[in-house]
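**Q** These protein sequences, in sequence, are chains A and B.
Heads up: the first sequence begins at 1 in my numbering, then just goes up one per residue.
Heads up: the second sequence begins at 1 in my numbering, then just goes up one per residue.
Among the hints, a few may not be true.
To be verified - Covered by chain B, per the in silico footprint, the following chain A stretches (three or more residues, Cβ under 8 Å):
{"id": "1", "stretch": "80 to 86"}
{"id": "2", "stretch": "95 to 103"}
What the hints assert, rightly or not - What follows is a set of in silico ranges between Cβ atoms, one per label pair, in the way DEER data are often shown:
{"id": "3", "chain 1": "B", "residue 1": "Ser79", "chain 2": "A", "residue 2": "Val197", "range": "33 to 39 Å"}
{"id": "4", "chain 1": "B", "residue 1": "His148", "chain 2": "A", "residue 2": "Ile304", "range": "41 to 47 Å"}
{"id": "5", "chain 1": "B", "residue 1": "His108", "chain 2": "A", "residue 2": "Val195", "range": "36 to 42 Å"}
{"id": "6", "chain 1": "B", "residue 1": "Ala39", "chain 2": "A", "residue 2": "Leu275", "range": "40 to 46 Å"}
{"id": "7", "chain 1": "B", "residue 1": "Gln71", "chain 2": "A", "residue 2": "Thr260", "range": "48 to 54 Å"}
{"id": "8", "chain 1": "B", "residue 1": "Val106", "chain 2": "A", "residue 2": "Trp235", "range": "30 to 36 Å"}
{"id": "9", "chain 1": "A", "residue 1": "Val195", "chain 2": "B", "residue 2": "Leu143", "range": "34 to 40 Å"}
{"id": "10", "chain 1": "B", "residue 1": "Ser84", "chain 2": "A", "residue 2": "Glu251", "range": "58 to 64 Å"}
{"id": "11", "chain 1": "A", "residue 1": "Tyr15", "chain 2": "B", "residue 2": "Glu74", "range": "26 to 32 Å"}
{"id": "12", "chain 1": "B", "residue 1": "His108", "chain 2": "A", "residue 2": "Leu84", "range": "36 to 42 Å"}
{"id": "13", "chain 1": "B", "residue 1": "Gln71", "chain 2": "A", "residue 2": "Asp160", "range": "57 to 63 Å"}
{"id": "14", "chain 1": "A", "residue 1": "His79", "chain 2": "B", "residue 2": "Glu74", "range": "29 to 35 Å"}
{"id": "15", "chain 1": "A", "residue 1": "Leu275", "chain 2": "B", "residue 2": "His148", "range": "32 to 38 Å"}
Derived by calculation from the structure, the hints in this document are not laboratory data.
Glycine is no exception: its CB is placed at the ideal position from the N, C-alpha and C atoms.
What follows is the residue order along each chain.
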Amino acid sequence: MLSTIAHSAQPGKGYELIFFGSAEANRTDPDQLPASNDALASADILYSLTRNRFRLLGELIVATEETELERFQVGWLPHETTWLFAGRYHQPTNYWASIYHHGQYLQTSITRPNIEGWEDDYGVLQTHQTGLMVESNFGLRENTGLEIAISYGSGSEIGDGVLEPFDMLDGTGMAGASFAARIGFLPDILGNNAVGVLFGKSELESSDSQVIIPDLVNVNQDVVGAFLNWTAGSWHMISAAYHLQNKLDRETLGTSDSFTAGYVQLEKSISDWTLYGRWENTAGAEESDYLALFPDYVVQRSLIGVRLDFMKQHAVTLELFDAENGAGDFRKIAIQWSAAFR
Amino acid sequence: MSNLRINLFFALLLAATGATAEGQREVVLVVAANSPIIAVSSLELRKLYLGIPVSLDGVLVRPLRNHSDEQLQEIFFQSAMAMSEAAYERQLLSLTLRFGRLQPEVRHSAKELIAILRQDNNAITYMWRSDISVEDGLRVVKLLWLEH
Chain A
1 MLSTIAHSAQ
11 PGKGYELIFF
21 GSAEANRTDP
31 DQLPASNDAL
41 ASADILYSLT
51 RNRFRLLGEL
61 IVATEETELE
71 RFQVGWLPHE
81 TTWLFAGRYH
91 QPTNYWASIY
101 HHGQYLQTSI
111 TRPNIEGWED
121 DYGVLQTHQT
131 GLMVESNFGL
141 RENTGLEIAI
151 SYGSGSEIGD
161 GVLEPFDMLD
171 GTGMAGASFA
181 ARIGFLPDIL
191 GNNAVGVLFG
201 KSELESSDSQ
211 VIIPDLVNVN
221 QDVVGAFLNW
231 TAGSWHMISA
241 AYHLQNKLDR
251 ETLGTSDSFT
261 AGYVQLEKSI
271 SDWTLYGRWE
281 NTAGAEESDY
291 LALFPDYVVQ
301 RSLIGVRLDF
311 MKQHAVTLEL
321 FDAENGAGDF
331 RKIAIQWSAA
341 FR
Chain B
1 MSNLRINLFF
11 ALLLAATGAT
21 AEGQREVVLV
31 VAANSPIIAV
41 SSLELRKLYL
51 GIPVSLDGVL
61 VRPLRNHSDE
71 QLQEIFFQSA
81 MAMSEAAYER
91 QLLSLTLRFG
101 RLQPEVRHSA
111 KELIAILRQD
121 NNAITYMWRS
131 DISVEDGLRV
141 VKLLWLEH
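Same shape as in the complex, but just chain B (with noise of 0.2 Å):
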């Protein structure tokens, strides 16, 4: 019983710091529970994220732009847009100076990211594995990082 206890506070405690029960932390993709989207390749990721509309599995799919925590924001411009964030940022506002095109939502906290998926099947966006629950009612489709 005191071993269970000891494994129960160390799963807890590796949860806290936002890794795995491995150890290792993820970034992920996710969307709503029932959302239509099913899957996400790394080419229409970067357009959602560049300002290109992009329909996947017949909705028009709306990035969020997670601002929640600077480590996660720097694995996401790396991992999946292959580019610093400072460059990130030129090249949206090149691209809206070049074609008038609208730039992804911005949001600043997980909490708030989950209750908009949770309120609309069309959202996506990136978040730490350990930053979703059961109970928040979403789906990974797609891992962005794995820590080694």
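Here chain A stands alone, though its shape is the one from the complex (with noise of 0.2 Å):
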């Protein structure tokens, strides 16, 4: 069991360091592979420093398959709610990673809506960005604000059924170049309610290892979305819906391709323990040139979970779910333990 880190705080000068801590066992029927790409164990390392209006940090991946730096920023704060970095992170547009990152702990369910999964696992928006970006909270009338961030910098290339975005510890997967907003309002600039929209325009570069489209050259791909955050009581509901136009550049011929995916999540807490239910889907995938990339995203899918929290920040939750992909429909039954370590 990791022990509490010792941090220091004093106004303008700290670190914090943080463990998130999970670890799950799961049964597929019938036994799909790759059906996931879900690390068995991991630990995800967050750190950050700050020296007045100078920022650091940095999240580490160590993971049953993977170690990987999932996000580095540098950056400066001109003002006490507005950051401008550079580095690697979550690009904007994908709302989910922009809420929860790595933090497995914090999400309240073991999977992640697909639209929004990670590279590795068959997501098929590009999540990491390597390049510049700032974020900022302007307050409004009657403690209401709006939330806005806005990125641009590489953007990742289409491998093996993946996206593989720039990677800093190995050099590999910087390429073309993608644009990623958000913007929010706030009805408490100082709570987590949101609703807003999305917008993404990003070049993804074939790979020598795709194989799915031997010609692709690259794929122009613009994104609008919207999404919704709100809890009321003890109701929480998290949906986002995204529209893609994808644009192929082949050697032969281009082709053009759309498609709409999103989901919705819902909650209910009563007391210690969390009932959830989330459905997504996703409307053109069976003409999609580009989800033909991607034989493993899973198009449609159902689940149920519920989840116990005990002690201090740990928890445990049980999911399961009944799915889609490009090999069929399937089922997963998860159990999972996470928790967070200051």
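Build the complex: two chains, separate frames, hints provided.
**A** As structure tokens, this is what we get:
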């Protein structure tokens, strides 16, 4: 068991060191591989350093199947709630990643919606970007506010059934360019409730390992979307919808397609228990040449789960889902322990 | 004379239970007596304890969490932060994960907090009014909760 790590915090000066741990056992029926690339155990190590207006943040995942520097951000705070930074980060059009990052304990469900899945977990939206980003909250009248996040940086490569973003540890995956933005309205500038819109434009380059469409050069992708994150009493809902327009540039004949994907997750808290359900779907998946590049992308999923929070920042979660990907229908049951240590 | 002694006895008894002379307990926001901090709004207080740097009256305020008393904490979270302790801890964790924000310091005794306040004019914390005596050299800037 990890021990609590001491930290220091003086106004404007200090550091934070947090460990998010998780361990999972799951069973898939039929045994489709790879139905998921979720690690069986992982430690997400978050470190941030603040010196007056300078801030550094790093997030390292050490897991059963990978070790990756997920985020590394160095920047400047010109204002108490505005941060300009350079580095590797989760680009703002992926709403789930912007809220939960790799902090498994903080998200109620075990799985994340597939449209917002990590690149190496068959996500079809670029999540990791290396470049420049600005995040800011502005106060409006009567304690309401706007949150704005805008980024510009590298795109991703399209590999063998997965997107491959730039990896800072081995220097691979730097490709194309991408722009992303999120604007949200906050009814309480200090609260979590938010509703807003998402925009993105990416150039995804086909790599040598991409063999499904051999003459593919790149994909120019436009994304528009909307999100809602709302808690009222003991109920919480998180939802997002994305419309993607993909222009495939091929050595022979270029093609275009579009599809729409979204999800709704509803949660009900009863004391230390949380019951939840999520429904996800993708419209236009069968006609999309872009989605054909990702045969393991889950086009539809329905799930239910229950979570128990215990001790200080520990949780155990049981989740069952029924899903469909390029290989057909499958079901999965998973049980997971997660925790945060500071 | 005997009535005076009886009144004095009950006043000391009330003080020992954290009550005011009128029998009501209070949770107050306090700073050093010679701190430049004059007033703190409810929004500023929430920002401080959510790790957002706040300057008040020309100083960068250093918020301190008081973990000396469970009931005091419960009252603070409900009255000042409008959330449970579990929700507050989760919110702090989320803000650090998302933005790298520093979390407020925690102290576990009123005596330690009073010592820090006396040494640091920028520090602020919450405590039972009855934990403060005139000799401590502190000043109340806000009443957070009054027992009904």
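**Q** A separate judgement is required for each hint: does it hold in the structure or not?
**A** Taking the hints in turn, this is what the structure says about them:
| no. | hint | result |
| --- | --- | --- |
| 1 | 80 to 86 | holds (count 3) |
| 2 | 95 to 103 | holds (count 5) |
| 3 | Ser79/B - Val197/A: 33 to 39 Å | holds, 36 Å |
| 4 | His148/B - Ile304/A: 41 to 47 Å | holds, 43 Å |
| 5 | His108/B - Val195/A: 36 to 42 Å | holds, 40 Å |
| 6 | Ala39/B - Leu275/A: 40 to 46 Å | holds, 44 Å |
| 7 | Gln71/B - Thr260/A: 48 to 54 Å | holds, 52 Å |
| 8 | Val106/B - Trp235/A: 30 to 36 Å | holds, 31 Å |
| 9 | Val195/A - Leu143/B: 34 to 40 Å | holds, 35 Å |
| 10 | Ser84/B - Glu251/A: 58 to 64 Å | holds, 60 Å |
| 11 | Tyr15/A - Glu74/B: 26 to 32 Å | holds, 29 Å |
| 12 | His108/B - Leu84/A: 36 to 42 Å | holds, 37 Å |
| 13 | Gln71/B - Asp160/A: 57 to 63 Å | holds, 59 Å |
| 14 | His79/A - Glu74/B: 29 to 35 Å | holds, 33 Å |
| 15 | Leu275/A - His148/B: 32 to 38 Å | holds, 36 Å |
Hint violations for this structure: none, all hints satisfied.
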